[in-house]
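2 protein chains.
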Amino acid sequence: MAPRGARRDRVQIQRVSPTVDCGRYAATAVVGDDVAVGADIFREGHEALAAVVRYRGPVGGWLETPMELDSNDRWYGTVPVDRVGQWRFGVIAWTDHFASWLDGLRKKHGAGQTDLSLELEEGALLLERRPQPNKRVAVALAETAGFLRSDADVSAKVAAAGAPELLMLLAHHPERLDAATSRPELPLWVDRERARFSAWYEMFPRSEGATWPSEASGRRPRSGTFADAAKRLPAIAAMGFDVLYLPPIHPIGTTNRKGSGGPRDLHPGPHDPGVPWAIGSAAGGHDAVHPDLGTLEDFDAFVAAAGDNGLEVALDFAIQCSPDHPWVSEHPEWFRHRADGTIAYAENPPKKYEDIYPIDFDTDDREGLWSELRRVLDFWLARGIRIFRVDNPHTKALPFWEWLIAEVRAEHPETIFLAEAFTRPKMMQTLAKLGFNQSYTYFAWRNSKRELTDYLTELAHGEMADYFQPNFWPNTPDILTEYLQHGGPPAFRIRLVLAALLSPSYGIYSGYELSENTPLEPGSEEYWESEKYRYRPRDWDAPGSLAPYIARINQIRAEHRALHGLRNIWFHHVGNEALLCFSKVAKHRTDPILVIANLDPDQPQEATTWLDLWQLGLEHAGPFEAHDLLTDTTFIWHGPQNYVRLDPHVEPAHVLRLRAL
Amino acid sequence: MAPRGARRDRVQIQRVSPTVDCGRYAATAVVGDDVAVGADIFREGHEALAAVVRYRGPVGGWLETPMELDSNDRWYGTVPVDRVGQWRFGVIAWTDHFASWLDGLRKKHGAGQTDLSLELEEGALLLERRPQPNKRVAVALAETAGFLRSDADVSAKVAAAGAPELLMLLAHHPERLDAATSRPELPLWVDRERARFSAWYEMFPRSEGATWPSEASGRRPRSGTFADAAKRLPAIAAMGFDVLYLPPIHPIGTTNRKGSGGPRDLHPGPHDPGVPWAIGSAAGGHDAVHPDLGTLEDFDAFVAAAGDNGLEVALDFAIQCSPDHPWVSEHPEWFRHRADGTIAYAENPPKKYEDIYPIDFDTDDREGLWSELRRVLDFWLARGIRIFRVDNPHTKALPFWEWLIAEVRAEHPETIFLAEAFTRPKMMQTLAKLGFNQSYTYFAWRNSKRELTDYLTELAHGEMADYFQPNFWPNTPDILTEYLQHGGPPAFRIRLVLAALLSPSYGIYSGYELSENTPLEPGSEEYWESEKYRYRPRDWDAPGSLAPYIARINQIRAEHRALHGLRNIWFHHVGNEALLCFSKVAKHRTDPILVIANLDPDQPQEATTWLDLWQLGLEHAGPFEAHDLLTDTTFIWHGPQNYVRLDPHVEPAHVLRLRAL
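Taken in sequence, the protein lines are chains A and B.
Just so we're aligned, residue 21 is where the first sequence starts under this note's numbering, counting upward by one.
Just so we're aligned, residue 21 is where the second sequence starts under this note's numbering, counting upward by one.
Keep in mind the hints are simulated off the structure, nothing from the lab.
Just so we're clear, the structure is a prediction, and the values are computed from it rather than from any experiment.
A couple of the hints might just be wrong.
Straight-line C-alpha distance at most 25 Å; calculated SDA-like pairs for lysine to any residue [stated by the list, open to error]:
hint	chain 1	residue 1	chain 2	residue 2
1	A	Lys127	B	Ala646
2	B	Lys552	B	Glu579
3	B	Lys372	B	Thr274
4	B	Lys128	A	Gly361
5	B	Lys446	A	Gly124
6	B	Lys607	B	Trp590
7	B	Lys128	A	Thr275
8	B	Lys446	A	Gly105
9	B	Lys127	A	Arg356
10	A	Lys372	B	Trp590
11	B	Lys251	B	Ala646
12	A	Lys127	B	Ser565
13	A	Lys446	B	Lys372
14	A	Lys128	B	Asp380
15	A	Lys372	B	Asp360
16	A	Lys446	A	Ala402
17	A	Lys127	B	Arg356
18	B	Lys372	A	Arg356
19	A	Lys607	A	Pro153
20	A	Lys372	B	Asp380
21	A	Lys552	A	Tyr462
22	A	Lys371	B	Tyr663
23	A	Lys371	B	Arg356
24	A	Lys371	B	Asp360
25	B	Lys446	A	Thr275
26	A	Lys251	A	Gly330
27	A	Lys446	B	Pro86
28	B	Lys607	B	Pro563
29	A	Lys446	B	Val396
30	A	Lys371	B	Asp312
31	A	Lys371	B	Ser120
32	A	Lys128	B	Leu138
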């Protein structure tokens, strides 16, 4: 009857955070973060404890950083992450016998007990049994032990036992007799900063410099090229974006091509260009560029020009094929065949999508399929692409994504995958767990104060904050929301302010700056004359363009670190359901930015704020300055209550930099 | 480059519940429970899924029970647990290809598509490839497949494909091509029902029939005996209790014995009996009974007499010694020695407890110590004891408890351990995780509506509900709360109603029925003339005894299954901060019991309820009957709003049995 549990850990370490699904998946951070690692740490009795976070980066050995008790047995330590890649961490905790002894000694001394000779002898013994890694330590410990046994004054001995130099020495050479280590070791994936903080602009390069004739003219449409699109780059860069996302640039199938009339137009004109997501033709598949856009070299030149403008190009990775894709003939086994031998097109019964063949992830040639898909990514990685916006990942096998992202990361850990999954919450969460660095969100449909507050609270302060990086898009080529349709240019300003300042990553689909808001039909979120089905050249110099406004917002984002984070968001009370008031602060509650936005695109709204000043680092301040970064005006505010009024037709938001006077 | 992940699970199973610390500890239930097992289950695309809970009890093989989708990808299945011991469970989920096909077929048929021959052929193929465990199944599948291919009407075929008999057959012989199994297998510990539902009465047997002279008389005190105490058993049983808990019954040390004056009385009179928790003398230690109480045979007789009265005896397991305990001389290595060779007494600096030697769980003879402690429990287990109230378990090594409880359970799974830990939340939670079946709580100090509502919500509806069974004590020999000190007999009634009806397990320390409420001194929770330090014979027939009231409350508890549970509690709005309104229901929302208690022991309080009728199974009811089980009066109530008024000096609570008319 050997007590089997005798070697179990004496010190309890529970609920280590961040932990995602018991360590099955990695929590995430970005370079420059101070990752807060927490744990419940305790043991029986009144003994003092000590703990460290043990961690290692993608290179180098194990390091340690001390943890401190917060409250309710919860301890925290900070891991500064300075390199992209796979990190690991755990917690080590042990009984600090000397600290326990010192605490008891001080209490007895404080209570006026005079004969402490036995206690002091025990302290001397504790010091003498400590690890003595070198002579300096050995001498220091022996000296203090000797002093505790000397005939010096008791008060002097108590002081010597708690001298900062001694405690520092002991902390550097800890005695970990009963050290417990948390299990399992936890993974932490660290991205480059752009995985969290990025401003995206989506454009169809074929529309730049294109010709799209009126119905009657009979002229032939002409596609824009990469060279045409490159001319637009300085203007996009001037708006302050840093990621330029292109829908698929590959050859487009002709079989069952959709016409320029939109999703239900099954009778394309001879020059209708088709939908870029119907990938593949005789001209090639996922590793080719559409001949109308130019050559691979033209593409490379475009990417280089974008880089010269400070723009990183993101490609679309859409795993589906037109019936004309080379894979259809070369690898028919990668598609689902029906009982009559035909290949199954995409369906969501009773709807049919006959221009698209989905890939069958149940294929017997799983290895061949996965390898080919990886080869496609490698092809674009080799051309310098490091950001992929993945089309509908929630309709592909999840084990494939976990494998693919791990494979890519092994060679190119700086790669960023954005999941275009507008689907159920747990699937969206799981894609992020599997490795997608950013995710589209429900933001487009969260309009009210309650909806926005609840959603941001979930994203920034719930479990998802450990692994899910949102990317807020007020519009996409598929999503023209009712709010934008009916709210006019003020609505576009409001949603821009919200997307760009609520979330560290956001993006717009081109045309947003022109407040394009005509739907295909009432009740539809499809655009009228949608660019998905035709070229859509635009007059970028049209009056009323929001480009300067967008540029100002992006400049504010760039200049204020507070706006680079998500977890630092705080909602303040303001007494009007149409007004949203939130703040973000940089490290140590510095550089507070306070945003007050009128969610009503029609009417001016007014109210009084009730600011939580401690969240703004202003709790001890008297009057403070509120400088509006949008209008360059300055208010002097006093305390939490301040009157605000916002007219959406003038300026729907305050973006205030607060500063104690 | 083999795709390593190719064999990973296609169907995601996440967040299986109940799970305690990722499966490190067992969730708990009691015999008769229907344990709800939940999981997030989903996969890519629109395929239909199916899932089962796989489980096994302490005997027998693996069983399965179907799971059903609740909402938001959360599935639930029910495991009926019918035997004490270690259960295990997991979740299996797979793609239901036939259900996916049937869903598509029905949608296309519903949308008016007439040529479904290809779809029907595919359904026939799906049926033909199914597992065919016997000829009956083979014939049925072939018949349906043939019918789908026949020239029958399409509507008839669609109906045949979804015929209940066919779906039942398929459910009984599932095709689990891509079955995923949750990891790890999860533990579930099942207790006998008393681990959750129990009414405890604590008594010092030495006080029954004892003599305690007044200070002046000079007469010698005389201890009561087991035989004396046995005479009290019928009265305790008549009050409706089912567990009789005895403080330590072992010999008491004389060295540094505390006197009858209380905790600071260091000068005992020659006949002061000492504190029962100062265990051990020349007469024996933890496996002996105090000679003043009688012999081991007397003890056995007492236990038998208790059993005859429907009372199960619980012993105290207090791992500490008086300086006179046999272990001190036989096993000095089990105690901590100071630098001068003396044994360290208990301290909480600067406080000293010189009559107690704590056991040193850091002893080098851990194996000997643990084995001896187990032998002590085995000694009492062999005498039929199956309930132990463990004194201050949070001051003993936690790995010891985990080992000890597992060892005892291996032979006597019906054993119940109650943790007397009044300490920090995470320690209390952890003791329950390690195996303590019941725990003392903070109930004694939760008096306001807000405090009680928050605390019960945490216990019944938070994570703790999976493994922590509270035992509510309004008083103990150490705890005479301020509320009881100042509230008089109404306070004793109120706290009894709350303890007994909020929590399925509760207990009182004797004297409660006499509303004993004199503290040692103002601000102290110690009793004046505390029974811990002297004999305390009582006049049980004193006027004003709450015994009949207690009996009625326990009778109501026994008769209504709703009061046997904790998770079934629901708080209803009532417009007065001094009134608490809550309900419990039995399975399927039957037998609703509604309690409205006046928390104010001084004044009558009145208000209008706002009942959540659906929680009471009355949402479709018209007027309903509210029968007060305490006063045997009946009200006819209509809808959620009902006026109540409670005078604490008459009857501080309604305990209403609701019934639709």
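Q. For this structure, which hints from the list above don't hold up?
A. 1, 2, 8, 10, 11, 12, 13, 15, 16, 18, 19, 20, 22, 23, 24, 25, 28, 29, 30, 32
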